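Protein chains: 4
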Amino acid sequence: MVIVIQCKDSVGLVAAISTVLAKTGYNIVSMREHVDLEENKFFARIVVDSISDPQKIEISLAKVLPAYAVVKVNPVPEKKIVVFVTKEYHCLSDILTRNHFKTLGANVQCVIGNHPDLKNITERFNIPFRLVVSENKSREIFEAELMDVILPYEPDYLILAKFMRILSPEFITTFLLKIINIHHSFLPAFIGANPYRQAFNRGVKIIGATAHFVTNDLDEGPIITQKIIPVNHSLTLTDLIKAGRENETAALAKAMQLVFEDRVFVCNNKTVVFE
Amino acid sequence: MVIVIQCKDSVGLVAAISTVLAKTGYNIVSMREHVDLEENKFFARIVVDSISDPQKIEISLAKVLPAYAVVKVNPVPEKKIVVFVTKEYHCLSDILTRNHFKTLGANVQCVIGNHPDLKNITERFNIPFRLVVSENKSREIFEAELMDVILPYEPDYLILAKFMRILSPEFITTFLLKIINIHHSFLPAFIGANPYRQAFNRGVKIIGATAHFVTNDLDEGPIITQKIIPVNHSLTLTDLIKAGRENETAALAKAMQLVFEDRVFVCNNKTVVFE
Amino acid sequence: MVIVIQCKDSVGLVAAISTVLAKTGYNIVSMREHVDLEENKFFARIVVDSISDPQKIEISLAKVLPAYAVVKVNPVPEKKIVVFVTKEYHCLSDILTRNHFKTLGANVQCVIGNHPDLKNITERFNIPFRLVVSENKSREIFEAELMDVILPYEPDYLILAKFMRILSPEFITTFLLKIINIHHSFLPAFIGANPYRQAFNRGVKIIGATAHFVTNDLDEGPIITQKIIPVNHSLTLTDLIKAGRENETAALAKAMQLVFEDRVFVCNNKTVVFE
Amino acid sequence: MVIVIQCKDSVGLVAAISTVLAKTGYNIVSMREHVDLEENKFFARIVVDSISDPQKIEISLAKVLPAYAVVKVNPVPEKKIVVFVTKEYHCLSDILTRNHFKTLGANVQCVIGNHPDLKNITERFNIPFRLVVSENKSREIFEAELMDVILPYEPDYLILAKFMRILSPEFITTFLLKIINIHHSFLPAFIGANPYRQAFNRGVKIIGATAHFVTNDLDEGPIITQKIIPVNHSLTLTDLIKAGRENETAALAKAMQLVFEDRVFVCNNKTVVFE
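Residue numbers (this note's numbering), protein chains in the order written: chain A, 51 to 325; chain B, 51 to 325; chain C, 51 to 325; chain D, 51 to 325.
Simulated from the structure, these hints should not be mistaken for lab results.
It should be emphasised that the depicted structure is a prediction, and the values quoted were computed from it without experimental measurement.
Treat the hints with care, as some may be off.
Since copy identity is lost for identical chains, a pair holds within one copy or between any two.
Within a straight-line C-alpha distance of at most 30 Å, the following computed BS3-like cross-link-like pairs (lysine-lysine) qualify [as the list claims (entries may be wrong)]:
1) Lys228 - Lys129
2) Lys122 - Lys91
3) Lys129 - Lys91
4) Lys187 - Lys122
5) Lys122 - Lys152
6) Lys292 - Lys91
7) Lys58 - Lys129
8) Lys292 - Lys122
9) Lys122 - Lys228
10) Lys228 - Lys130
11) Lys292 - Lys106
12) Lys304 - Lys58
13) Lys137 - Lys304
14) Lys228 - Lys169
15) Lys152 - Lys73
Between the sequences and the hints, there should be enough to build the whole structure, so can you do that?
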């Protein structure tokens with residue numbers, strides 16, 4: 051069972067936390083703690099053998115922690131997610147397959163597409179697909195429609211699995227640090243449109259993909275994970291895109307695993323990841 | 051400042067340890083803890099902001115830990131090492147260079163060769179080279195001569211940097227878990243002689259190197275780190291060996307860094323590495 | 051358009067081949083040639099801009115090549131494959147998804163399982179699933195039943211996607227160098243049963259997967275590709291297996307891509323891979 | 051023996067080249083050919099068993115190639131290089147060591163530093179160190195002094211091994227595509243000053259290094275090779291820089307190997323690398 055804690059740092063926090071656990075008879079089988087000295091922030095992920103009453107422990111821990119501490123004992127073990135897509139299938143297929151075989155670490159509630167292309171594959175896995183067209187309407191109306199679909203599911207995270215629309219600051223704020231995006235480049239290289247074309251033109255020997263939380267600064271949210279693959283002159287632009295998709299799929303899958311296992315903390319615009 | 055602890059596991063160990071530190075006013079800026087449930091063993095590496103009296107803390111910690119606990123507060127920050135070589139220069143050169151520029155995390159006291167080939171490069175860096183010939187003498191006598199060279203230096207670790215002699219159980223026991231070897235294969239593949247020839251014949255697409263502690267089971271000691279490089283049909287056996295050497299150098303360098311930073315614990319025949 | 055050639059080596063082969071192509075007005079846009087000097091064998095993969103009459107070129111090339119040369123001009127661009135499975139879904143799902151979106155480079159004709167577990171996922175993609183139970187019958191009868199299913203499809207390759215049965219020499223000979231297997235280890239390490247348990251017990255820091263052609267020497271066929279992932283002490287055996295599956299999926303996918311793009315040649319028990 | 055050819059593309063080039071070789075009785079043991087279709091350029095690297103009269107073959111080949119073709123038969127097997135440094139030792143030490151043991155594939159003629167810091171290590175290897183101070187003088191004068199040192203050596207390549215000065219267009223043009231630089235980032239990310247600080251601030255999970263030819267567009271020359279290493283939140287800026295240096299050393303070493311083995315061709319602002 052996992053305990054995650056995030057709060058202002060001070061001397062004696064580990065002692066206070068571990069004493070609460072020891073008094074209740076819990077054994078810490080694995081612990082990661084990190085203090086960001088510049089920000090004076092404390093992060094911990096603790097695995098204990100088993101906990102009979104998570105809520106009680108949560109209250110006991112809160113008492114010994116500073117104000118505004120975030121403490122979660124046994125955080126939702128199966129997160130609920132909604133997946134946003136446009137036309138590209140690679141990330142979605144991977145998510146649907148893992149979800150189907152219960153190895154995703156989350157439950158896909160619904161897939162939302164602004165194009166109908168991926169309705170077929172989604173429904174093959176008995177997952178509801180909702181088409182929310184973005185064309186010929188204002189962003190306000192589009193996002194209001196998205197919200198109507200999303201809210202009943204009460205999702206823990208929204209996964210942008212190659213969703214090719216920019217979300218408004220209002221929308222993002224509503225789901226702050228709950229939106230995960232896969233960006234088709236090794237950020238901050240090739241920010242913006244057509245990163246594979248940019249990479250091809252530049253003749254790079256490695257291409258990357260970046261999974262990150264979405265914030266109001268486009269392509270600038272906290273990075274969760276990055277992956278790369280080597281490329282060379284023999285790849286055409288089409289080859290590059292194809293190779294890049296494998297990499298995007300792998301990067302997003304890794305990021306989701308880390309987040310769903312409660313290994314990722316956000317510290318300003320960076321992440322602390324207890325891998 | 052680093053604190054490392056290894057002992058029998060029991061409920062409340064983290065609380066006991068961190069309470070000692072908190073009472074003395076020390077702040078834990080980074081902590082890694084792991085319990086091997088099968089072996090019921092506890093391992094921790096704690097970084098605190100600074101410690102005025104390491105010895106006092108060590109005694110205080112020992113009091114709250116189980117019998118036979120190993121606790122080191124501020125373990126030797128600059129380890130003393132003796133390097134063993136035969137004829138291949140790649141690992142040694144890397145060690146000598148890092149040692150020269152003080153980025154090795156250890157001080158090379160002396161290089162021992164059973165052949166004179168590497169005397170020249172060693173002495174270029176003002177490090178004493180001692181030739182201890184192994185031919186035409188019994189292993190007992192050879193190892194007695196090695197001991198005569200080694201002991202005055204009181205080394206923390208012996209580094210076998212492509213040392214092509216097998217050491218006796220007696221010798222190894224004298225320096226138990228203090229001898230680090232670089233093995234030119236991805237153990238346990240290609241155990242034994244000529245691993246590159248074996249790899250070449252088998253047509254593998256990846257070759258590896260393994261840095262491990264030396265125990266009495268040849269090639270079977272606890273693995274510290276492993277590295278690989280991709281290879282293909284176009285490499286001759288000579289190319290394979292050349293490529294492998296880069297990899298060996300990198301693997302040994304990484305293992306030394308991990309060990310010298312007190313990140314490696316041994317648990318039976320495996321390691322716990324807090325990277 | 052691709053031309054692949056494999057034959058006994060002799061001086062002037064490239065000249066002979068390229069002269070045939072030049073006379074017919076074809077431009078070589080990419081060429082890889084390799085001679086195995088020990089075996090005196092010649093391998094080439096040539097990409098030309100376009101070919102109006104592949105069969106004619108094939109005949110022209112055969113005339114200038116030594117006896118027993120293998121020459122294929124525009125080899126089947128979409129291979130037909132039959133996939134063999136037992137219970138594990140990860141490789142199969144990946145194959146079915148790529149097949150569905152036409153990015154596999156091959157057409158899945160049918161999935162054969164010796165257990166019914168993967169019937170559901172297969173049929174979701176409208177691919178026929180054929181259950182051929184292996185229990186309570188001789189291997190002869192089991193393999194005769196397999197043959198009955200396979201032969202009508204005239205497959206180019208059989209893919210063992212975590213198929214947990216050993217095939218007889220007779221069966222393998224029938225499909226010589228047409229059966230691709232994914233082995234859950236970094237061959238030749240951990241040959242045999244339970245490689246992840248073996249890897250766990252040995253405390254390795256890297257685990258691998260090997261895609262290879264199946265020959266009569268179990269786990270000893272020519273290696274097509276190998277992939278690895280780093281692991282550490284914090285992974286349980288279950289974690290190790292889970293991590294390994296991602297790696298197996300990636301290794302098999304890569305091997306299929308290489309084979310289906312006609313980049314892989316077999317030279318005795320090794321492969322020449324023009325990546 | 052290696053033959054490299056670069057010229058305008060046309061149908062029949064491979065036939066023309068290989069016919070010249072076949073007529074002279076040479077056997078092609080390995081060949082890589084690539085046509086850049088956008089640029090209509092032809093690149094080939096051919097390995098033949100042995101050549102008795104390189105110059106004669108070169109003339110014969112030139113006769114069958116288009117105007118302005120570059121053809122080199124048995125290009126200088128041991129390149130002469132001059133190494134430029136400032137204060138950081140890691141790349142230089144690696145170069146000096148390989149040079150000393152004759153595994154660099156080139157001969158270091160001289161090391162030029164604009165600071166005296168690396169004089170000591172250079173001279174330990176009996177290589178001349180020339181201090182050319184850049185302070186308190188115009189770039190013209192500084193570069194004139196550099197030229198005075200360089201020219202007598204007639205170097206094939208200049209290696210900027212962490213040389214922290216920007217060279218003028220005039221200087222670069224003099225040694226066009228003969229200057230190799232190691233850039234401490236995954237270009238084009240973090241162009242400009244302090245890339246590690248930029249990477250640290252951005253919280254990236256991977257840092258890179260790029261070896262490239264120097265052209266007049268700063269940080270924009272053709273990329274030869276790129277390497278990366280994973281990093282995480284636990285690394286301070288100092289740790290990041292230290293880790294990055296290992297990566298820079300490896301990337302520059304790889305680039306030099308590729309260039310010195312005549313595997314790198316430049317095609318506009320990109321490279322064709324026959325690895």
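Hint by hint, here is what the structure shows:
1. In this assembly of identical chains, lysine 228 and lysine 129 lie within 30 Å of each other by CA distance solely inside one copy; the values are 11 Å within and 43 Å between copies.
2. Taking the shortest Cα distances, lysine 122 and lysine 91 sit within 30 Å of each other both inside one copy (17 Å) and across copies (27 Å).
3. For the identical chains of this complex, lysine 129 and lysine 91 are intra-copy neighbours only, at 26 Å inside a copy versus 33 Å across copies, given an alpha-carbon limit of 30 Å.
4. Taking identical chains as interchangeable, the C-alpha atoms of lysine 187 and lysine 122 are never at most 30 Å apart, the minima being 40 Å within one chain and 54 Å between chains.
5. For the homomeric pair lysine 122 and lysine 152, the shortest alpha-carbon distance inside one copy (23 Å) is at most 30 Å, but the shortest distance between copies (44 Å) is not.
6. Proximity of lysine 292 and lysine 91 under a CA criterion of 30 Å is satisfied inter-copy only: 25 Å between copies versus 41 Å inside one chain copy.
7. With identical chains, the CA atoms of lysine 58 and lysine 129 are at most 30 Å apart within one copy only, with a shortest distance of 26 Å there and 36 Å across copies.
8. In this assembly of identical chains, the alpha carbons of lysine 292 and lysine 122 lie at most 30 Å apart only when taken from different copies (26 Å versus 40 Å within one copy).
9. Taking the shortest alpha-carbon separations for lysine 122 and lysine 228, only the intra-copy value of 16 Å comes in at or below 30 Å, while the best inter-copy value is 42 Å.
10. Proximity of lysine 228 to lysine 130 under the C-alpha cut-off of 30 Å is restricted to the intra-copy arrangement: shortest distance 11 Å within a copy versus 43 Å between copies.
11. Taking the shortest alpha-carbon separations for lysine 292 and lysine 106, neither the intra-copy value of 50 Å nor the inter-copy value of 33 Å comes in at or below 30 Å.
12. Proximity of lysine 304 and lysine 58 under a CA criterion of 30 Å is satisfied intra-copy only: 28 Å inside one chain copy versus 34 Å between copies.
13. In this homomeric assembly, lysine 137 and lysine 304 come within 30 Å of each other (Cα to Cα) both inside a single copy, at 22 Å, and across copies, at 24 Å.
14. Taking identical chains as interchangeable, the C-alpha atoms of lysine 228 and lysine 169 lie at most 30 Å apart only when both belong to the same chain, with a minimum of 24 Å there against 36 Å between chains.
15. With identical chains, the CA atoms of lysine 152 and lysine 73 are never at most 30 Å apart, being 36 Å at best within one copy and 46 Å at best between copies.
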